[in-house]
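Participant: Numbering follows the UniProt record's numbering, with no gaps: position 269 of the sequence shown is 269.
Keep in mind the hints are simulated off the structure, nothing from the lab.
Any given hint could turn out to be false.
Said to hold, decoys possible - Label pairs and their computed distance ranges (CB to CB):
1. Gln291 to Val147: 19 to 27 Å
2. Arg343 to Met290: 25 to 33 Å
3. Gly62 to Arg87: 16 to 24 Å
4. Arg343 to Asn76: 50 to 58 Å
We put the CB at the ideal spot given by N, CA and C, even for glycine.
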Amino acid sequence: MFLAEDSREVQLLDLRGGNFVNEYANNDFEGERVEGSQEFPSIQLDIINAATKHFCDENKLGEGGFGPVYKGTLANGKEIAVKRLSRTSGQGLLEFKNEVMLIARLQHKNLVRLLGCCIEDNETLLVYEYMPNRSLDVFLFDSSMSVQLDWQRRFSIVTGIARGIMYLHEDSRLRIIHRDLKVSNILLDSEMNPKISDFGMARIFSVNQSEANTNRVVGTYYTLEKFNSGYMAPEYAMEGLFSVKSDVFSFGVMLLEIISGKKNNGFYFYERCESLLTFAWKLWSQGQGMQLIDPQLVQSFVEFEVLKCIHIGLLCVQKDPVDRPTMSSVILMLGNENLTLPRPTEPAFFVGRVVAESATPSTDNNVCSVNEVTLSDVSPR
């Protein structure tokens, strides 16, 4: 425990009892109910106030849809990050419930640790382990910072993200769809290990459930990219349908961004009205995939690995969810040099285009040989 284990500082909050049951626990996760023990550390407000110096501006790390995030230092020297729910954020309240009820039950080295929460004196707070290197986008899209991300480091980050997502989809006690994967939600610890954060939009799937839908649907790709920075799968955007394959799409976007050092959102303003995804696909299909690489990687890249990662990224961003690999397949592809990968179809996103039709299955069964083994798909257990 990161605090002294006495009743004044830390209590076990039963998320199904007291006021919490009235405001949170009696409500389903948009249809899914979490069963089992919900005890979780509740940290007193005076401890958090002291750690953050009463949420002073100099300790503010940033701000998101949930509210501002502050750095704090406990009396024992332990550093923490505190999310403070904006009092005007109705959506933030739902995200708070999701965050506490989900991530409190998860444990993986590539997921950020939620240490406790506080509901006291009109304050609603989440306390996390502090990530000294902030988020991946801080390094990736700043030319003065991206020099610290050589190819070996980027490949390690990609693999860590993939393992974290696979845990959510297949290996945790719950089957979880994150729904908001993007590089700004990938935090980096002191050794630059990636940790997936921000589970406010996450959903739990039952064992036999393959997809679900939501009424939060956005109508054009331009609006989508403003809304979600270009990471949203087309079936989710246009029809409100999401599944593990929606997260796979988002992973594919992140992978192509990590290779290129460029953002998908806004990329077309500079590259002949193309998204990063279509630009990458055209280069790859013309045998010029290495032109996608971030110039910062010129001295460190491993060509075979780069081309393999581009190929995997393009498989992940295909229009039809059925054509996208599972995350267990992605892990297999990343770690194996002797696979024949399916040939990807052109990516889903076309700038300025409103997609009215539903996705249709791909009929292109061509494969691209990496060596001698063929990969069709590795299904989750």
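Participant: May I ask which of the numbered hints given earlier this structure violates, with the numbers listed in increasing order?
Facilitator: 2
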